[in-house]
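J.: Read off the chains here:
Protein chains: 2
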Amino acid sequence: MGSCINHPDRETPYICMKHQIYLCEECLECRDPKIYCKHRSACPIWFMGKRKEGWEAEDRQEGAATTHTVTFLPDGETVSIPGGSTLLEAAQTAGIHVNASCSGKGACGKCKLVVVAGEVGTAPTPLLTDGEKAKGYVLACQSRITGDVSVQIPEEVLARKLKIAGMGQTVTNRVKGLVTEIDPMLQEIPLTLAPPTLDDSVSDMDRLNRGLKKQGVDVARLNVGIKIMRQLAEAVRRDNWHITVSVIRRKCANEILEVRPGNGQHPSIGLAIDVGTTTIVVYLVDMADGSVLAATAGHNRQADCGDDVINRIICAERDGVKKLSRMALATINDLIGEALDSAGTKTDAIRNVVISGNTTMAHLLLQIEPRYLRRDPYIPTVSEFPILKAGEIGLKANPMAAVFIMPGPASYVGGDIVSGVLYTGFHREDPVTLFIDIGTNGEIVLGNKEWLMTAACSAGPAFEGGGIRWGMRAEEGAIERVTIDPQTLVPVLSTIEDAPPRGICGSGMIDLIAELLKTGIVDRSGQFAGGLDNDRVRRQGDEWAYVLTFAEETSLEEDIVFTASDLKNLIYSKGAVYAGFSTLLGHAGMDFSMVDRMIISGGFGQYLNIEKAVTIGLLPDIDRSKFAYMGNSSIVGAYMALLSSNYRQEARMICSNMTYVDFSSNPRYMDEFTSALFLPHTDLKSFPNVTMAA
Amino acid sequence: MGSCINHPDRETPYICMKHQIYLCEECLECRDPKIYCKHRSACPIWFMGKRKEGWEAEDRQEGAATTHTVTFLPDGETVSIPGGSTLLEAAQTAGIHVNASCSGKGACGKCKLVVVAGEVGTAPTPLLTDGEKAKGYVLACQSRITGDVSVQIPEEVLARKLKIAGMGQTVTNRVKGLVTEIDPMLQEIPLTLAPPTLDDSVSDMDRLNRGLKKQGVDVARLNVGIKIMRQLAEAVRRDNWHITVSVIRRKCANEILEVRPGNGQHPSIGLAIDVGTTTIVVYLVDMADGSVLAATAGHNRQADCGDDVINRIICAERDGVKKLSRMALATINDLIGEALDSAGTKTDAIRNVVISGNTTMAHLLLQIEPRYLRRDPYIPTVSEFPILKAGEIGLKANPMAAVFIMPGPASYVGGDIVSGVLYTGFHREDPVTLFIDIGTNGEIVLGNKEWLMTAACSAGPAFEGGGIRWGMRAEEGAIERVTIDPQTLVPVLSTIEDAPPRGICGSGMIDLIAELLKTGIVDRSGQFAGGLDNDRVRRQGDEWAYVLTFAEETSLEEDIVFTASDLKNLIYSKGAVYAGFSTLLGHAGMDFSMVDRMIISGGFGQYLNIEKAVTIGLLPDIDRSKFAYMGNSSIVGAYMALLSSNYRQEARMICSNMTYVDFSSNPRYMDEFTSALFLPHTDLKSFPNVTMAA
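Heads up: the sequence lines are chains A and B, in that order. Note that my numbering numbers the first sequence so that position 175 is 1035, with each residue one more than the last. Note that my numbering numbers the second sequence so that position 619 is 1479, with each residue one more than the last.
If you're looking for bench data, these hints aren't it; they were derived computationally from the structure. Treat the hints loosely; a few may be bogus.
Pairs count within a copy or across copies, as identical chains cannot be separated in the list.
Computed cross-link-like contacts, DMTMM-like style, restricted to lysine to aspartate or glutamate with a CA-CA straight-line distance of at most 25 angstroms [said to hold, decoys possible]:
| hint | residue 1 | residue 2 |
| --- | --- | --- |
| 1 | Lys1182 | Glu1094 |
| 2 | Lys995 | Asp1481 |
| 3 | Lys1074 | Glu1244 |
| 4 | Lys1545 | Asp1008 |
| 5 | Lys1074 | Glu871 |
| 6 | Lys1182 | Asp1066 |
| 7 | Lys1087 | Glu1335 |
| 8 | Lys1087 | Glu1118 |
| 9 | Lys1073 | Glu1244 |
| 10 | Lys1309 | Asp1066 |
| 11 | Lys972 | Glu1357 |
| 12 | Lys970 | Asp1008 |
| 13 | Lys1087 | Glu1244 |
Bound conformation, chain A alone:
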């Protein structure tokens, strides 16, 4: 028995075994999270979302439970835990991340472990196959500890961890060196203050400010909340005036978010997140040296509400914006969890976050009303976001982590484009540059260090695989290169990571159309020629199709084909993009010859064949040396902004310097679009270097 930490006059048997903290029954029943806040930051039970369950009556504990040892292989970490606890609780106590999407309800089947020595009491579950059960697999959340036990983290989990960490290494090679001076939003400042004396009797807060000033913090612009003031006297004295102060740097004023005793070094982790309409990418970054510890990517679960931003907004209007926010957060937080897991780091260490996404994604994620984005005159609620806290928006990170949202100038040109420009850096240079980001939509920026114009063209998601029978994004097993033998019409395919083909991604489709055109399988108007005596070109349903692989060549049960409808969709997309280029240039009083450089960004993976993209009329027929392909530029810009306050400042400058040109009411755009619905274009004079087969 002991005193409830909230009601010292109440005796209670309920104790948190880890923290030796007592709570009375009323507090255990109370849904108010504030009840828990006194030990919230320390207590894993609180974070597990399990409240009453985590607290056991002491006498029950004493009667039933002896303590057992759980060993986690392959690393051999051990933890002592009372009998009756689950393996999941043991893992959490040991600080080992086990994927448990359903928070330990036994519903997701992800927390698989293999028992290699000792026994556990398991509940029956349909989520393990008989084969798995025979090998000793259990669900950690459904296994209660009855004695000492050794468990193995399954090899497939370890392999995935290695791969995610390996992706981090690949990314590090790409991005390291982009930022030389690391300068996070939320800074952790270790201080040792001189204890007060009668001759130096300034207040604790003034003493703290004096210490911060010596470290170069602008204390004249420093705010502090009442919570910090309430904790300050104890915090500074507990470790004899050794403290660590967390200071967030905002547009104008800074703010002290935490003062904690002790000033040892702790790892500080950052997140760069690219929230795409289709794909979300997360980089887990070591804020000390900028290396990327892990990189993960996954499908935005909002896709259940439609492929494009318009359908997402419609869904938010119908079901509430919170639903869409939760869907995106579910994907993001899972990806963060995977990345943390492979890096062996804890959520709490994440103290800086940059999120880059288009304007709709940003509004939905933050639960900001999106309905006016899609209604004439297409007005975003917010362009430039203040620095938020992770806890305010539900991100899996330290709740006080600083979150910078990339600013976006217009409803259809968002923070992802600003981020891309930031990465390419052409806004700092003389050459006139045409920048295109082809994702679920196409956004164009034209300009140089003196001016920037931007526009969006409704390219649709075809290049990311949307609306294409076998379309997929640029991931393992995607066909990314295609050549077709002009005689046999048999294709030679390359897939990402040389995996068995599962579909075709954007760069593969560009290759494929160029080859179909060159070999005469399709003509300039985008029609299948037909009448060819070849099993690769056939009628499928009521339309023509080209067969990329036969089912027997793959582990799939169907042939991978590219149909006339797929081709039509892609021609619309590439026409929209090309029309965007020419309309924006026209608006600026320029033509393609005046473009010094052309930067292509988008989800094409590692590879994009520029020549073939020109061949199909997606890109203009200009000097090939002017082209540069940048891959996903949005995530790299986010990474740069994560590490550098100069880059965050620059992102804001780019956003406010952009002039947005609206195509929705522009008749020239429709003309240009119609002309671009040929391969490569109705006006062949503008494509002098493209050789036609026909």
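Given the structure of chain A, go ahead and fit chain B onto it with the hints provided.
T.: Same frame as chain A, now just chain B:
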């Protein structure tokens, strides 16, 4: 039946009759206040702290309730309300403030009304006398409406309202003109924005910033939270781009706290609050013109924990600082309620607050750890406070009201002294001024526009009535002037508001001691001479006493006396103050002849006899024209800071420019104190103009 506003898919019969909003059972049961936030600002039920009770099943309503009319006299306001509602609910619906400290539980007995026509169903209560019941008195919260009814607000309540308002008028006469340019922390800015078009498609937030900029708001330093961003799109559009924006001005960055539709004018009310150790004073101020609408004062309920700050701190250490905070808040909020009531204004209209109090009071009120205030080396946690929100600290005001806490330089020289200096203004002028505030303690400031020194002397609460048998603060019935006939030894007394005497306040005690000395009843060493053949001077217990009034002259059952112990306490107090003067002057290398002006402030009420204060050696024997008596200067400084940002800035300057001199380790102070334990002093040469009777 209708849809729950939180769960549109759930049909529910529970409806808020006022707002026609439905809630499902789960939401009604839920303790989470966020459930209510959608109509929180509008719904009186929410504010009453009555949740489920305020929501009735619609069919029950339809069956039982017809609507009745309740008329409130003398003003004749009427309201239509469903049968079964209480008179308290009717009053709240009508916007009539009825004092209900217990929130309508029938426990406090304060919500008395008189039924003058019609009937109500009342529950039995012991809180009304038979006489009251015979006159038609009921408790509003215990009376259910069964038909049309007229109720009268009792005359004693109306009389008290008039008096509080009258005090406001008196105060207005005193303070009006102190501030010429009104400049609140929380500004209400009405705006009409140009609706967006395709050619002017900036985000809602940018449009808002543009509007604010035109009004002179520094938008580069403007912060905004996620809550505002989430509500913004609807708020600007609901009344066709007419909005009112609440902007708080902080040290560096400003912040938008609310954007609401419509831009009509609403009354804006401010509070100046002086939180004394003994007495709390509240001014309710019209922010439009600075007039004081009502002024209330009452005893700080913390007095249950001891008379002085040391005992309050000990109590906070033992029982937790929250308890002391709640005690002070209970007093403050009651005083605010009374003031609002007499001014006919609502809590929500209070949007600016300034609180002035000593360092201990400020720490306790804000629940900041006070234990180090009383421990060598006497360190406050905070000297200069950020601007807080009323909701953060539990103040009865609009939750987002801006709260400025007067900064205080040291543990024993607090914001009340800074506030007093601000009012007197000597920190802006050339003459060297000695300022003393005699409240529960004595604090001294010495200086002019070039330098300020300050110190505290442990004068104790005697001048506020603490530790004095019949001591009381300067309120109705306090003896404030005394002369004693040298022949008969019979006193002539004046009381505050000429009420029957109830005790003696600080100015009365000063008069009394001077008279006792002049008439030889006591000698210079502070001893009763004794041996006088007079019924006014007698032994009482084992000590001498002087009788101020006999029981038969008053409505009291005892004589009002002044004992030898009382005298000793007061001599200690006045000695501590005088020693403070001389020690601080000595520290500055000065003596009394170099003081150009002496300002006395404190709880002496309207009156202080300077000559007699010199006679007893509380004040130095210098040219009488140098003295000025200012009354309660802390509340006036708070009033000035409430209205003017220049004065708030000046308060911060005063605080940071003060050099604190610690007397606790100063041997000179002890010497000076010992010498001052005579009447007027051991060294009569320093009091050449004081004539002794002896």
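J.: Which holds for Lys1182 with Asp1066 at a C-alpha limit of 25 angstroms: within a copy, between copies, both or neither?
T.: Intra 42 angstroms, inter 24 angstroms, cutoff 25 angstroms: inter-copy only.
J.: How would you classify Lys995 and Asp1481 at a CA-CA limit of 25 angstroms: within, between, both, or neither?
T.: neither (60 angstroms within a copy, 99 angstroms between copies)
J.: Given identical chains, is Lys1545 near Asp1008, meaning Cα to Cα at most 25 angstroms, within a copy, between copies, both, or neither?
T.: Answer is neither; intra-copy 79 angstroms and inter-copy 90 angstroms both fail.
J.: At 25 angstroms max between alpha carbons, let me know whether Lys1074 reaches Glu1244 within a copy, between copies, both or neither.
T.: between (32 angstroms within a copy, 19 angstroms between copies)
J.: How would you label the pair Lys1087, Glu1118 (within, between, both, or neither) given a Cα cut-off of 25 angstroms?
T.: Answer is both: 9 angstroms inside a copy and 22 angstroms across each meet the 25 angstroms cutoff.
J.: With 25 angstroms as the alpha-carbon cut-off, assign the pair Lys1073 and Glu1244 to within, between, both or neither.
T.: For Lys1073 and Glu1244, the Cα distance is within 25 angstroms only across copies (16 angstroms; inside one copy 29 angstroms).
J.: Indicate which option fits the pair Lys972, Glu1357 if close means a Cα-Cα distance not exceeding 25 angstroms: within, between, both or neither.
T.: neither (27 angstroms within a copy, 83 angstroms between copies)
J.: At 25 angstroms max between alpha carbons, let me know whether Lys1309 reaches Asp1066 within a copy, between copies, both or neither.
T.: between (44 angstroms within a copy, 24 angstroms between copies)
J.: Should Lys1087 paired with Glu1335 be assigned to within, between, both, or neither, using CA atoms and 25 angstroms as the limit?
T.: Cα proximity of Lys1087 and Glu1335: none, with 47 angstroms in one copy and 38 angstroms across.
J.: At 25 angstroms max between alpha carbons, let me know whether Lys1074 reaches Glu871 within a copy, between copies, both or neither.
T.: For Lys1074 and Glu871, the Cα distance exceeds 25 angstroms both inside one copy (47 angstroms) and across copies (61 angstroms).
J.: Could you figure out if Lys1182 and Glu1094 sit no more than 25 angstroms apart (CA to CA) within one copy, between two copies, both or neither?
T.: between (39 angstroms within a copy, 16 angstroms between copies)
J.: Please sort Lys1087 with Glu1244 into within, between, both or neither, judging by C-alpha distance up to 25 angstroms.
T.: Between. Shortest inter-copy distance 15 angstroms satisfies the 25 angstroms Cα cut-off; intra-copy 28 angstroms does not.
Against the hints set out earlier in the document, violations occur for numbers 2, 4, 5, 7 and 11.
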